[in-house]
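Note that the numbering used here has the sequence shown beginning at 1, numbered continuously upward.
Please note that a few of the clues may not be correct.
[What the hints assert, rightly or not] Restricting the straight-line Cα-Cα distance to at most 20 Å, the calculated cross-link-like pairs of lysine to aspartate or glutamate (EDC-like) are:
#, residue 1, residue 2
1, Lys117, Glu101
2, Lys65, Asp12
3, Lys18, Glu30
4, Lys64, Glu35
5, Lys117, Glu87
6, Lys64, Glu15
7, Lys64, Asp12
8, Lys64, Glu14
9, Lys117, Glu89
10, Lys18, Glu32
11, Lys18, Glu47
12, Lys64, Asp11
13, Lys65, Asp11
14, Lys64, Glu32
15, Lys65, Glu35
[Unchecked claim] Pairwise CB distance ranges, derived in the manner of DEER restraints:
#, residue 1, residue 2, range
16, Pro104, Asp11, 21 to 27 Å
17, His129, Gly100, 16 to 22 Å
18, Ser94, Ser28, 36 to 42 Å
19, Thr19, Asn48, 17 to 23 Å
20, Ser2, Gly93, 20 to 26 Å
21, Val26, His115, 31 to 37 Å
22, Lys65, Tyr31, 18 to 24 Å
23, Asp12, Gly95, 36 to 42 Å
24, Tyr31, Arg92, 31 to 37 Å
25, Glu68, Glu107, 23 to 29 Å
Read the hints as simulated data drawn from the structure, not as lab findings. Note that the Cβ used here is the ideal one computed from N, Cα and C, for glycine as well.
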Amino acid sequence: MSIDHIAIAVDDLEEAAKTYSEALGVDSVEYETVESEGVRVAIIRMENGRIELMQPTGDNSPIKKFLERRGPGLHHMALATPDIDGEVERMRGSGVRFLGEVRPGSEGTRVTFVHPKSLCGVLAELCMHPED
Numbered sequence: 001m002s003i004d005h006i007a008i009a010v011d012d013l014e015e016a017a018k019t020y021s022e023a024l025g026v027d028s029v030e031y032e033t034v035e036s037e038g039v040r041v042a043i044i045r046m047e048n049g050r051i052e053l054m055q056p057t058g059d060n061s062p063i064k065k066f067l068e069r070r071g072p073g074l075h076h077m078a079l080a081t082p083d084i085d086g087e088v089e090r091m092r093g094s095g096v097r098f099l100g101e102v103r104p105g106s107e108g109t110r111v112t113f114v115h116p117k118s119l120c121g122v123l124a125e126l127c128m129h130p131e132d
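Kindly produce the complete structure, drawing on both the sequences and the hints.
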């Protein structure tokens with residue numbers, strides 16, 4: 001596995017994307033809506049990974065609930081794997097708990113989330129890119 005991206009919950013996607021791209025000296029930002037997660041995402045590509053800024057698209061979005069409880073900030077870290085099904089099976093065998101099943105994510109990925117209690121309080125996403 002490797003670190004894939006860091007996800008940050010924001011109230012205003014365009015303003016946050018402008019702030020991050022200016023601060024980091026990045027010229028382009030890609031936008032995508034991920035219906036399955038109820039978010040609109042701004043993807044900022046870095047040399048060694050991505051930053052994904054996430055804004056909720058509706059009141060039922062988990063990001064909306066996160067923002068209401070905690071405000072803007074770090075939401076999760078994502079770990080890339082070439083075999084998400086095998087990794088989930090291996091991790092479950094060692095007692096790791098997941099939040100739901102493997103499902104579609106941004107950019108055609110397949111994703112699932114590791115319960116924060118399984119990783120010392122940190123929410124983690126496992127993701128597998130289509131080319132893996």
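query = Which numbered hints are broken by the structure, listed smallest first?
reply = Violated hints: none; all satisfied.
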